[in-house]
Amino acid sequence: MLKIKVKKGHNINIAGVASREILAPQKNNTVSLSPENFRYIKPKLLVKENDVVKLGDPIFFDKLSPAVKWPAIASGKISKIIYGDRRAIKEIIFSVDASLESKDSNVEQKKLSNKDDIINYLLEKNMWPFITQRPFNKVADPSDNPKSIIVSLANTAPLSVDYNFTLSSNKDTIISALENLKKLTEGKLFVAVNPGEFDYLSDLDFVDVVQVEGPHPAGNVGVILNNISPINSKDIVWTVQGHHLPILGKLFSDGIFDPSITINLSGPVVNSPSYFKSRIGASLESYCKGSLSIDQVRIISGDVLTGKESMMNGYLGFYHSSISVIEESFDRSFIGWLHPGGSSKYSIFNAYFGNNKSPYNFTTLQNGSHRAFVPIEAWEKVFPMDIYINALLRSIESNDFEEMEKLGIYECDEEDVALCSFVCPSKTDVGAIIRKGLDTVYFDQ
Amino acid sequence: MNFLKKILAESGKLFEKGKPLSFAYPLWEATDTILLSTNSQNKSGPHIRDNMDIKRTMFFVVIALIPCYLFGAYNIGYLHSAAMGISSSILSDFIFGMTYVLPILIVTFIAGAICEITFAVIRKHEINEGFLVSCALIPLTMPPDIPLWQLFIGTSFGIIIGKEIFGGVGTNVFNPALTARAFMYFAFPTKISGEKVWAVGPDGYTGATALSIPANPTEYDTATNLFNQVTQFDFSTLNLFWGLIPGSIGETNKLLVLLGGLFLIYCGIASWRIMIASVLGLVFTAGLFNLLADYSTNAMLTITPLQHILIGSFLFGTVFMASEPVTSTHTNKGRWIYGFMIGMLTVIIRSINPAYPEGVMLAILIMNMFAPLIDYYIVKSNINMRLSRNA
Chain A
0 MLKIKVKKGH NINIAGVASR EILAPQKNNT VSLSPENFRY IKPKLLVKEN DVVKLGDPIF
60 FDKLSPAVKW PAIASGKISK IIYGDRRAIK EIIFSVDASL ESKDSNVEQK KLSNKDDIIN
120 YLLEKNMWPF ITQRPFNKVA DPSDNPKSII VSLANTAPLS VDYNFTLSSN KDTIISALEN
180 LKKLTEGKLF VAVNPGEFDY LSDLDFVDVV QVEGPHPAGN VGVILNNISP INSKDIVWTV
240 QGHHLPILGK LFSDGIFDPS ITINLSGPVV NSPSYFKSRI GASLESYCKG SLSIDQVRII
300 SGDVLTGKES MMNGYLGFYH SSISVIEESF DRSFIGWLHP GGSSKYSIFN AYFGNNKSPY
360 NFTTLQNGSH RAFVPIEAWE KVFPMDIYIN ALLRSIESND FEEMEKLGIY ECDEEDVALC
420 SFVCPSKTDV GAIIRKGLDT VYFDQ
Chain B
0 MNFLKKILAE SGKLFEKGKP LSFAYPLWEA TDTILLSTNS QNKSGPHIRD NMDIKRTMFF
60 VVIALIPCYL FGAYNIGYLH SAAMGISSSI LSDFIFGMTY VLPILIVTFI AGAICEITFA
120 VIRKHEINEG FLVSCALIPL TMPPDIPLWQ LFIGTSFGII IGKEIFGGVG TNVFNPALTA
180 RAFMYFAFPT KISGEKVWAV GPDGYTGATA LSIPANPTEY DTATNLFNQV TQFDFSTLNL
240 FWGLIPGSIG ETNKLLVLLG GLFLIYCGIA SWRIMIASVL GLVFTAGLFN LLADYSTNAM
300 LTITPLQHIL IGSFLFGTVF MASEPVTSTH TNKGRWIYGF MIGMLTVIIR SINPAYPEGV
360 MLAILIMNMF APLIDYYIVK SNINMRLSRN A
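Protein chains in written order, with numbering that gives the first Met the number 0: chain A, 0 to 444; chain B, 0 to 390.
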């Protein structure tokens with residue numbers, strides 16, 4: 000077992016952590032699949048509005064890589080297809096027909112012995128988009144040869160789901176998924192866990208368990224890879240979200256696509272934050288309506304650092320497993336920068352009296368105006384990779400491709416630097432700059 | 000409060016794009032966000048943010064400087080009373096000193112604000128609170144008798160040449176406060192060096208600083224003996240620490256400088272690496288020179304490391320100038336090298352150069368110049384590490 004101990008980072012003490020109980024499933028009348036959740040693809044629809052589809056049927060494919068198709072995430076009618084600017088497909092909404100879904104479960108067991116079998120099976124079942132890759136954090140290319148595969152079951156992001164709790168009853172499907180994933184690479188299959196969790200993994204000879212200790216972003220795949228097997232230029236590493244393991248496992252063992260996941264609804268303005276049995280692309284309204292303490296809120300699909308702003312009538316993103324809700328605040332306090340501190344301020348700097356002691360009610364306020372960057376060692380406190388983030392950002396801003404590659408742009412992703420933006424006193428959006436750099440090198444390839 | 004919010008919101012409309020006052024938007028933005036904290040929202044990326052911002056960061060540096068101001072004013076009064084041979088209370092000494100400090104402070108801030116606001120308006124960038132720190136630092140590095148017109152020119156030079164022509168805060172190469180002081184040091188040497196300017200007394204009164212004692216000895220002796228021979232001021236180790244000695248306004252009391260430094264380190268604003276490294280650099284070089292002292296007639300070589308720390312502005316420069324984040328190195332390894340070199344250069348300039356008894360100002364400016372080079376090599380080693388992994 001590999002052990003890594005991350006020192007730099009910060010666990011944000013945010014209020015509204017979900018209590019450890021799984022509530023009864025909410026009724027999901029509609030679910031949505033949004034091509035916008037997937038980077039660098041050109042979707043082409045295979046269905047029309049009002050078509051009736053079954054779970055796993057192909058819905059659209061990527062014109063740039065036609066073998067990769069996306070599955071229907073529900074059985075039922077395609078009730079609406081929403082287009083954005085220049086007829087970009089924004090969202091495909093399914094009306095869930097529960098009676099159709101229950102009929103789908105014909106168990107078929109297929110022997111998958113090598114890499115090609117598995118890839119073909121996933122492509123044929125339209126399930127390939129569950130496999131993503133680093134660098135670029137996009138859907139993997141089936142023709143690539145990944146250096147290794149990594150799955151993180153150690154979620155350290157604020158208010159994210161605790162896999163040790165949500166996946167506790169999925170041992171068999173997880174093992175089945177990992178067994179097949181291992182066949183996809185000649186390298187190692189890393190699975191990151193918190194100390195003392197998922198003990199059964201260490202008995203599996205095809206898994207390299209990585210025990211991670213430390214504050215966020217210790218559980219991010221980028222940070223773990225940087226510590227154990229850095230991504231060099233031209234390297235590709237594949238990864239799967241932890242909560243998708245049971246879905247893949249069930250597919251490999253029984254041939255069934257079961258889009259169920261356990262999600263959490265949490266945040267300072269949620270009345271009783273808790274876990275729910277849910278499904279991919281679930282409607283946010285069915286969880287948020289009536290369970291928020293105020294009206295002026297921002298509903299986020301994903302966690303508060305890297306999630307996507309959504310609305311009451313929005314849907315959970317394809318890769319997301321949590322809904323976070325915070326107050327949308329426009330409050331202005333009189334000479335706020337002179338505030339002595341107390342429970343109304345949160346900072347990783349010792350600049351307020353008695354801060355960070357109790358769970359803090361974060362809002363969407365930026366807490367300061369944007370200013371030119373002053374490097375007071377804020378980023379360094381929360382960025383645990385051996386990358387000079389300051390130099391990297393400069394190279395991105397000056398559009399210097401070579402320098403970006405040399406400074407390790409391939410190893411970073413937005414989520415790894417989210418805490419840098421959180422702590423930055425100049426309110427720089429570090430993640431957006433990293434994404435700009437990744438886009439630049441991606442399109443240059 | 001609602002009234003204030005309303006006024007600001009209404010007046011803000013006049014400064015929007017296309018409106019007659021739009022050119023002065025940075026000025027309005029500064030006033031607006033000083034009075035009421037900003038209601039800017041996190042757009043994407045992290046939806047939540049830390050409560051620390053640049054306003055508070057810069058304000059904390061100013062807080063750390065306030066004790067130096069108070070003691071500086073008292074020290075001016077104290078030395079004046081001593082020179083005149085009169086006895087006076089702490090309060091009257093303090094008030095006397097304030098009549099010197101306040102005009103200096105006001106003129107510096109007026110000059111600084113004019114430059115910063117003009118550039119913000121022309122360049123269309125926000126007014127950066129960093130200029131408050133520069134303007135708060137400049138008076139503390141001045142002798143009490145500095146002519147105000149020289150101060151005005153010096154401050155303007157420091158802010159414009161030291162900062163604005165490079166693009167403002169965040170992109171400047173030299174510490175603006177030290178640029179201002181260096182400019183005045185070379186442009187108006189009679190008012191900022193020598194023996195006549197460091198204490199206020201009757202006409203023609205001279206008061207040599209501790210540094211100039213071993214620099215210009217009448218007869219060679221060790222620094223300790225030379226200090227003990229001085230009767231005009233108390234240059235004992237304890238009083239060098241406590242600071243009732245002639246010098247620049249804000250640097251003489253080492254206790255308050257240290258407390259300011261500890262405060263900034265505790266808050267996470269200033270770099271402890273730079274401060275510790277420069278003290279190490281100074282101790283190392285001074286120790287080395289002590290070993291060489293027997294072979295030389297230069298009394299400066301006999302100054303012990305502790306004396307080096309306590310005399311002159313070394314501590315003040317290290318704590319408040321060297322650790323300035325923008326002009327120092329931007330990597331943690333670099334901060335050690337940068338600090339160590341400042342300590343070394345300070346001693347070298349003090350001891351070996353006959354023209355400038357105080358070395359810390361030039362040491363920091365020289366290292367400001369080399370900071371990007373240090374960073375370049377440290378980042379380069381990271382690049383080489385990555386390239387070798389690829390091979």
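For the record, the hints were derived by calculation from the structure and aren't laboratory data. C-beta atoms are modelled at their ideal positions from N, C-alpha and C, and glycine is treated no differently. Please note that the accuracy of each hint is not assured.
[Said to hold, decoys possible] The calculated DMTMM-like cross-link candidates involving lysine to aspartate or glutamate, where the alpha carbons are at most 25 Å apart (straight line), are:
1) Lys233/A / Asp198/A
2) Lys4/B / Glu15/B
3) Lys379/B / Glu379/A
4) Lys332/B / Glu376/A
5) Lys5/B / Asp330/A
6) Lys6/A / Glu401/A
7) Lys12/B / Glu327/A
8) Lys42/B / Asp438/A
9) Lys435/A / Glu125/B
10) Lys62/A / Asp443/A
11) Lys379/B / Glu396/A
12) Lys42/B / Glu402/A
13) Lys42/B / Asp330/A
14) Lys379/B / Asp385/A
15) Lys42/B / Glu327/A
16) Lys332/B / Glu185/A
17) Lys41/A / Glu308/A
18) Lys379/B / Glu402/A
19) Lys4/B / Asp330/A
20) Lys109/A / Glu35/A
21) Lys332/B / Glu401/A
22) Lys5/B / Glu327/A
23) Lys379/B / Asp116/A
24) Lys332/B / Asp438/A
[Stated by the list, open to error] Label-pair ranges, simulated between beta-carbon atoms:
25) Gln40/B / Pro358/A: 13 to 23 Å
26) Tyr441/A / Lys4/B: 40 to 50 Å
27) Ile65/B / Asn163/A: 45 to 55 Å
28) Lys5/B / Leu45/A: 47 to 57 Å
29) Arg19/A / Thr117/B: 52 to 62 Å
30) Tyr355/B / Arg38/A: 12 to 22 Å
31) Val61/B / Lys435/A: 29 to 39 Å
32) Leu45/A / Ile33/B: 53 to 63 Å
33) Gly353/A / Lys42/B: 23 to 33 Å
34) Ser168/A / Lys42/B: 16 to 26 Å
35) Gln40/B / Asp84/A: 18 to 28 Å
36) Gly353/A / Lys5/B: 47 to 57 Å
Now for the hints, and whether the structure bears them out:
1. Lys233/A / Asp198/A: 34 Å, violated
2. Lys4/B / Glu15/B: Roughly 17 Å between the alpha carbons, so the hint for Lys4/B and Glu15/B holds.
3. Lys379/B / Glu379/A: OK: Lys379/B and Glu379/A at ~18 Å, within 25 Å.
4. Lys332/B / Glu376/A: Roughly 12 Å separates the two Cα atoms, so the pair holds.
5. Lys5/B / Asp330/A: Holds: Lys5/B and Asp330/A sit about 13 Å apart, inside 25 Å.
6. Lys6/A / Glu401/A: Roughly 30 Å separates the two Cα atoms, so the pair is violated.
7. Lys12/B / Glu327/A: 23 Å, holds
8. Lys42/B / Asp438/A: 20 Å, holds
9. Lys435/A / Glu125/B: Status holds; Cα separation ~24 Å.
10. Lys62/A / Asp443/A: With Cα atoms ~19 Å apart, Lys62/A and Asp443/A stay inside 25 Å; holds.
11. Lys379/B / Glu396/A: 18 Å, holds
12. Lys42/B / Glu402/A: 29 Å, violated
13. Lys42/B / Asp330/A: Holds, at roughly 16 Å.
14. Lys379/B / Asp385/A: 13 Å, holds
15. Lys42/B / Glu327/A: 11 Å, holds
16. Lys332/B / Glu185/A: Since the Cα atoms of Lys332/B and Glu185/A sit roughly 38 Å apart, the hinted pair is violated (cutoff 25 Å).
17. Lys41/A / Glu308/A: Holds - the C-alpha atoms of Glu308/A and Lys41/A are around 23 Å apart, at most 25 Å.
18. Lys379/B / Glu402/A: Given pair Lys379/B, Glu402/A holds - Cα atoms ~10 Å apart, limit 25 Å.
19. Lys4/B / Asp330/A: 10 Å, holds
20. Lys109/A / Glu35/A: 33 Å, violated
21. Lys332/B / Glu401/A: Holds, at roughly 24 Å.
22. Lys5/B / Glu327/A: Judged against 25 Å, a Cα distance of about 20 Å means the pair holds.
23. Lys379/B / Asp116/A: 44 Å, violated
24. Lys332/B / Asp438/A: 30 Å, violated
25. Gln40/B / Pro358/A: 13 to 23 Å: 22 Å, holds
26. Tyr441/A / Lys4/B: 40 to 50 Å: 45 Å, holds
27. Ile65/B / Asn163/A: 45 to 55 Å: Hint holds: Cβ distance 51 Å, inside 45 to 55 Å.
28. Lys5/B / Leu45/A: 47 to 57 Å: 56 Å, holds
29. Arg19/A / Thr117/B: 52 to 62 Å: The hint (52 to 62 Å, Cβ to Cβ) holds, given that Arg19/A and Thr117/B are roughly 59 Å apart.
30. Tyr355/B / Arg38/A: 12 to 22 Å: 59 Å, violated
31. Val61/B / Lys435/A: 29 to 39 Å: Because 35 Å falls inside the window, the suggested range holds.
32. Leu45/A / Ile33/B: 53 to 63 Å: 58 Å, holds
33. Gly353/A / Lys42/B: 23 to 33 Å: 30 Å, holds
34. Ser168/A / Lys42/B: 16 to 26 Å: Violated: the Cβ-Cβ distance is about 39 Å, outside 16 to 26 Å.
35. Gln40/B / Asp84/A: 18 to 28 Å: Hint holds: Cβ distance 23 Å, inside 18 to 28 Å.
36. Gly353/A / Lys5/B: 47 to 57 Å: 33 Å, violated
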